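J.: Given next are the chains, with one letter for each unit.
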Amino acid sequence: MFTANFIAMVNGLHFKDLDLLAVGIAAVVISIFGLVIYLNNRSSITNRTFADLSAAAIIWAVINYASYQTNDHMELTLWLWRLVLFSVVWFAYYLFKLTYVFPGNEKDFPKWYRFYLVPFTTLASLLMLTPFVFFGIPDISAVGSIPQLTILPGIVVFGAVVSLLIIGSFFNLIKKFREEKNAEKSKSRLMLAGTVITLGLIIVLNFIYPVVLFNIKYVTLGGFFVLPLIAFTAYAIFKYRFFNIKNIVTAIFAFPLCLLTLVEIVFAPNMTQMLIRVAVFLASLMISIELFQNIFELEAANEKKAEFMYFASHELRSPITFIKNCSELLLEGGMGKLSPEIKDGVQKILVSTNSAIALIAQYLNKIKMELNHFTYFITTFDVAQTVRSAVDKVQVNAEQKGVFVTLQLDEKAIVNIRADESKTREVIGNILDNAIKFTKIGGVLVTIKDERGKVLIKIADTGAGITAEMMPLLFKTFSKEDVLKNTMGSGLGLYLSNIFIEAMHGRIWAESEGEGRGSQFYIELPKV
Amino acid sequence: MKSKVLFIEDDRDQLSLYKIKFELEGFDFLSACNGTEGIAIAKENKPGLIFLDILMPDENGLDVLKKLKKDEDTKGIPTVLFTNLSDKDSREEGMKLGAVDYFVKTDITLKDLIRWSKENIKSS
Chain A
1 MFTANFIAMV NGLHFKDLDL LAVGIAAVVI SIFGLVIYLN NRSSITNRTF
51 ADLSAAAIIW AVINYASYQT NDHMELTLWL WRLVLFSVVW FAYYLFKLTY
101 VFPGNEKDFP KWYRFYLVPF TTLASLLMLT PFVFFGIPDI SAVGSIPQLT
151 ILPGIVVFGA VVSLLIIGSF FNLIKKFREE KNAEKSKSRL MLAGTVITLG
201 LIIVLNFIYP VVLFNIKYVT LGGFFVLPLI AFTAYAIFKY RFFNIKNIVT
251 AIFAFPLCLL TLVEIVFAPN MTQMLIRVAV FLASLMISIE LFQNIFELEA
301 ANEKKAEFMY FASHELRSPI TFIKNCSELL LEGGMGKLSP EIKDGVQKIL
351 VSTNSAIALI AQYLNKIKME LNHFTYFITT FDVAQTVRSA VDKVQVNAEQ
401 KGVFVTLQLD EKAIVNIRAD ESKTREVIGN ILDNAIKFTK IGGVLVTIKD
451 ERGKVLIKIA DTGAGITAEM MPLLFKTFSK EDVLKNTMGS GLGLYLSNIF
501 IEAMHGRIWA ESEGEGRGSQ FYIELPKV
Chain B
529 MKSKVLFIED DRDQLSLYKI KFELEGFDFL SACNGTEGIA IAKENKPGLI
579 FLDILMPDEN GLDVLKKLKK DEDTKGIPTV LFTNLSDKDS REEGMKLGAV
629 DYFVKTDITL KDLIRWSKEN IKSS
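So the protein sequences, as listed, match chains A and B. Residue numbers for the first sequence follow my numbering, beginning at 1 and rising by one. Residue numbers for the second sequence follow my numbering, beginning at 529 and rising by one.
Since the hints were made in silico from the structure, they are not lab data. Just to be clear, a hint being listed does not mean it is correct.
To be verified - In silico DSS-like cross-links for lysine-lysine, where the CA-CA straight-line distance does not exceed 25 Å:
(1) A:Lys412 x B:Lys646
(2) B:Lys597 x A:Lys107
(3) B:Lys646 x A:Lys437
(4) A:Lys343 x B:Lys549
(5) B:Lys595 x A:Lys111
(6) A:Lys401 x A:Lys337
(7) A:Lys368 x B:Lys624
(8) B:Lys639 x A:Lys107
(9) B:Lys595 x A:Lys343
(10) B:Lys616 x A:Lys176
(11) A:Lys175 x B:Lys594
(12) A:Lys107 x B:Lys549
(13) B:Lys639 x A:Lys176
Claimed, not checked - Partial chain B-side listing against chain A, Cβ under 8 Å, derived:
(14) Ile567
(15) Lys571
(16) Leu583
(17) Leu613
(18) Thr634
(19) Lys639
Predicted model only: the values in this text are computed from it and were never measured. Built from N, CA and C at the ideal position, the CB exists for glycine as well.
The shape of chain A in the complex, shown without the other chains:
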C-alpha cells in the first residue's frame, strides 16, 4: 500500500519539485554526515567544527531555497534574504575554522583569532540582519525569481568578509597540503578537492549564472553544491578511523525508517491497519533508540578500555625496563666481569626481554587501532641512525643464535626522512627479529640505498625463506590455526608493519626464491 502511495506521489511531482528534492536530499545527507562525524569523536575540535559547518550548510540550504518561494510575501522574503547572508557568513567562518583546525583533535587559538576574528565575524553576521544591507523590496516579483531588493553599501561588508574567510580557508588548506609530507597530506588533499568543487559550483552556478547571464535556474540548488565539500571532508576525517562507523550509520538510518513507518500510519485504510502500523512504528522507534544507547555505552566502554591500556602499558613496561637495562649493563661489564656461563644466561634474559617488549608494543598497537587511538607522530629524523640502533639492539639475539647481523653503511652517513620514528624503528626491529629467528646458518645483511627521493632499506637473510603459498599471506593477520601450523608467532608484526609503512606513504614487500633459500624484505620510505 505504501509503495503504491509513494509511486502516486512521485508521478504527481513537477519539475520544480526536483529543486525541493535536491535540497531535501542535501539537507538529510549533510545532517547524517555531520551527526556521524560528531558522534564518532565528540572531543575532537575537527569533528565538532565539521558538525558546526554541516549545521550552517543545512540552514543556508533551506533558507536559500525558501527565499525564492516566498516572493509574494515581501516582509518574509526580505528577512529570508537577510538570513541567507547571515548563514553564509557563518558557513564561511566555519569553513575557515575547519581548515584551520583540520585534521587535529585539539587547537590553541591565537589572540588574533579569539579577539579579532570571532567578534568581527559575529558583528558582520549581525549587520546582515539590518537594513544596511537589504533595505526593502519595492515590488512583488514572481515566485522562483530574484526579488528586486533595495541593496545598500552594507553588502560590501558581506562580500569582503566572505571573500576573506574563503581565501583564508584556501590559504590554510594549501599551506597544510604543502607542509604535510605524510598520511595527513592525503587528508588535506581530499578536503582541498571537496572545497574546490563546491566553491567552483557555487561561484559558477550561484554567482556567474544569475549575475552575468541572468539565469537563476540553479540558484535554489545552492545547498546541494555543498555536498562535495561535506562528503570529501567527512571521508578525510574518517580515512584512518573506521571503528564503529557502521554502527553509527545503521543507527542514523534507522530513524528515517521510523519516519517512513510513521507516514504509513497516515495512509492506513482502516483502524486495524492503523493500530498495526502504530505498533510497528513504536517497535522500530524503540529499537532505534536502543541502538543509539548501545553505541553510546560502547563508546564509554572503549574510553575506559583506552584509559586502562594507557596505564597498563606503563605498568607493564616499567619492570621490563629494569630487566632490560640490568641485562645490558651486566653484558657490558658494568657490574663486573661475567663468566661465560653467566654471560650466556644474561644474554638469554635480554633476548626474551626484547621479545616481550616487542610483543607488548604490537599488542598495544593492535588495541590502539581497534580503539581508534592509532596516531602517528611525524618528525624529520636520520633513518640511518635508526637502522644502526636497531641492528645494535639485535646483536645479542644473533650472538645467541650463532648467526651474524651486518649493516653495510658508512658510519657517518645521514639519511633524513620524515616519518614516525618510533614506528619506523618498530618495523625495522620486527623484520630483523624475524630474520634472526628463521635463520639457522649464515646471517642477516642490512643495506640502505639513498635513491631519488626515496630511501630503500633491504634486510636479506640466509634463513628459512618464504613459500609461494605463504607469500600472499605475509602481511595479513593470522588466525589461531595459521599460527599453530606455521609457528610464525602472533603474525601481528608484519601486519602492523605494513599498516605503518603504508600510512607513512612508503612501501614494504618481500621476495624469496622459496623454502630454505632465504628472504629479502624491502622498506621504501620517501625522503625529506
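Using the hints, position chain B against chain A.
T.: Just chain B now, with coordinates in the frame of chain A:
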C-alpha cells in the same frame, strides 16, 4: 670538568642502573625522586642535561617541565622526557612545552642513551 646529567625518576632501582652506566661513561650523575627535589637540584647544580619521567607520584613530569621552562635558572637546560608512556598526546604536549626529545624507556638501549647524551649535553 665532568658533564652533569640529572635524572628525575621515582623508581630508585632504575636510577641505580643509570647511575652506574653514566658514571662509567664519565658523567657526573645527579638524581631526584620527585619534581620538587628535581627542580631544586637543577637550579643549584645547573646540569647539562635533564632526563625527566612523566608518571611520578607527587607531580606529573609534564608539570615539572612547565616549571623548569618558566624558571630563569633552568629554562636553558635541555630536558628529555624519559618515560614508558608511548601515547601521542603526552609526546606532543611534552614537545610543545619545550622538551628536546621524548624517549620511551623500553625503546632505547643504554648504549644509545649514552651516545645521544654525549651529542646533546649542554656544556657548562
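J.: Of the numbered hints stated earlier in the document, which are not met by this structure?
T.: 3, 8, 9, 11, 12, 13, 14, 15
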